[in-house]
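Kindly generate the complete structure, drawing on both the sequences and the hints.
Number of protein chains: 2
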Amino acid sequence: MERHFHEDLKELKQRLLRMGLLVEETVEKAIQALLKRDSILANQVVAGDKVINQLEIEIDEMGHSLIALGQPMAVDLRVVTSILKINTDLERMGDHAVNIAERSLIVMKEPVLKTHIHLPEMAQAALKMLKDALDAFVNGDVELARSVLKRDDEVDDYNDEIYQQIVELMQKDPSIVKTGMSLIIIGHNLERIADLANNIAEDVIYMKQGKEVRHHIETQQ
Amino acid sequence: MERHFHEDLKELKQRLLRMGLLVEETVEKAIQALLKRDSILANQVVAGDKVINQLEIEIDEMGHSLIALGQPMAVDLRVVTSILKINTDLERMGDHAVNIAERSLIVMKEPVLKTHIHLPEMAQAALKMLKDALDAFVNGDVELARSVLKRDDEVDDYNDEIYQQIVELMQKDPSIVKTGMSLIIIGHNLERIADLANNIAEDVIYMKQGKEVRHHIETQQ
Chain A
0 MERHFHEDLK
10 ELKQRLLRMG
20 LLVEETVEKA
30 IQALLKRDSI
40 LANQVVAGDK
50 VINQLEIEID
60 EMGHSLIALG
70 QPMAVDLRVV
80 TSILKINTDL
90 ERMGDHAVNI
100 AERSLIVMKE
110 PVLKTHIHLP
120 EMAQAALKML
130 KDALDAFVNG
140 DVELARSVLK
150 RDDEVDDYND
160 EIYQQIVELM
170 QKDPSIVKTG
180 MSLIIIGHNL
190 ERIADLANNI
200 AEDVIYMKQG
210 KEVRHHIETQ
220 Q
Chain B
0 MERHFHEDLK
10 ELKQRLLRMG
20 LLVEETVEKA
30 IQALLKRDSI
40 LANQVVAGDK
50 VINQLEIEID
60 EMGHSLIALG
70 QPMAVDLRVV
80 TSILKINTDL
90 ERMGDHAVNI
100 AERSLIVMKE
110 PVLKTHIHLP
120 EMAQAALKML
130 KDALDAFVNG
140 DVELARSVLK
150 RDDEVDDYND
160 EIYQQIVELM
170 QKDPSIVKTG
180 MSLIIIGHNL
190 ERIADLANNI
200 AEDVIYMKQG
210 KEVRHHIETQ
220 Q
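From first to last, the protein sequence lines are chains A and B. Quick note on numbering that gives the first Met the number 0: the first sequence kicks off at 0 and runs consecutively. Quick note on numbering that gives the first Met the number 0: the second sequence kicks off at 0 and runs consecutively.
Note that these hints are calculated values from the structure, not bench results. Heads up, a few of these hints could be off.
Since the list can't tell identical chains apart, any single copy or any two copies may satisfy a pair.
No farther apart than 25 Å at their CA atoms in a straight line, the calculated lysine-lysine pairs in the BS3-like style are these [to be verified]:
(1) 108 - 171
(2) 149 - 171
(3) 49 - 149
(4) 171 - 113
(5) 113 - 177
It should be emphasised that the depicted structure is a prediction, and the values quoted were computed from it without experimental measurement.
Have a look at this one:
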């Protein structure tokens, strides 16, 4: 029974990792679709959401049956519940990638903005947070997880800056309202992806140390 | 042990219900703050988020220790894991209420829009979904839960309509860009609240019937 449980847990971790890599790739594709005005790529992201949703259900069911049948205690239980939370967060990131892809399809139909907006830089920062949160999970690296938490403010700052900048542009030139709105919504989705990467980093810390870091961090800011 | 577990589970349900009522009240206040241009109410919502966050952590910890110590099987395990999911969803709704309150503070500083936007109607529909999802949880009412799922499209339609309407208004009159942007973001937050009410309704169905309804519903649409 004991050995069985740990084999199943290993398999569960493997599946979560696969899910993580797929979501990472999806977010990256959504951003590339926007930057390269590539509608084929954007449509791939939208269509690919079903696979992510299916993977989420599988991992969720496997995790819950592992708790029910294996009845893990202490550390093992913490690992399984963390995996279930990370799973939910990854699925939500997938939804945000779809939102970005859908908005990028609108942006492509409109003329290119003449002003440079820091959206590519923001996207890179958010994507790096996701990559590092997943690496922290794979290697149980609490230090790396902590570094992810510190970078959330940077992404928030980008988002505020982009918002302000686009509002001003729209006020000056109402012909860009459609593009501007879509870019603001894309920024908002990137910010949510960074928040979810933050959640994953918090879960990695909880998983390794059994300490609840949610909200406490927020309160310190 | 057995009796102990069921007493603790009853207490856990009570706490979740308290959390649910608090979040419902918070969402209602955020909407009232917007409609009545009441900055005191808006600031109350923002300040009250700490209490919701604290409650979430308490319920989360209680639920996990109940799984670890009580080692529930089948139905009982399903109830506890559903409570944990609903807890997360409620906390997220609290965050959306804060977003609405913050945006309403911006809207209050700008002139009133001359065109009627269906935001109050959308807010009522989303709030009713939340109320019914909580009632379905309390009474284990699967039929009511199913009726919540059916109403998600209505809220999405309001959101699309509001978005289109405001984009047109902003294109015609750039002086309303700030208000328009904030109203669109409020609409987006209401839509997310309706999605989360949907999640709760799905969890109620899962809790009562052990059937996974997530994503399958989405695919049918």
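Status of each hint after checking the structure:
1. 108 - 171: both (21 Å within a copy, 20 Å between copies)
2. 149 - 171: This pair counts as neither: shortest intra-copy Cα distance 35 Å, inter-copy 42 Å.
3. 49 - 149: between (32 Å within a copy, 21 Å between copies)
4. 171 - 113: Both ways: residue 171 and residue 113 sit 13 Å apart in one copy and 21 Å across, limit 25 Å.
5. 113 - 177: This pair counts as both: shortest intra-copy Cα distance 15 Å, inter-copy 21 Å.
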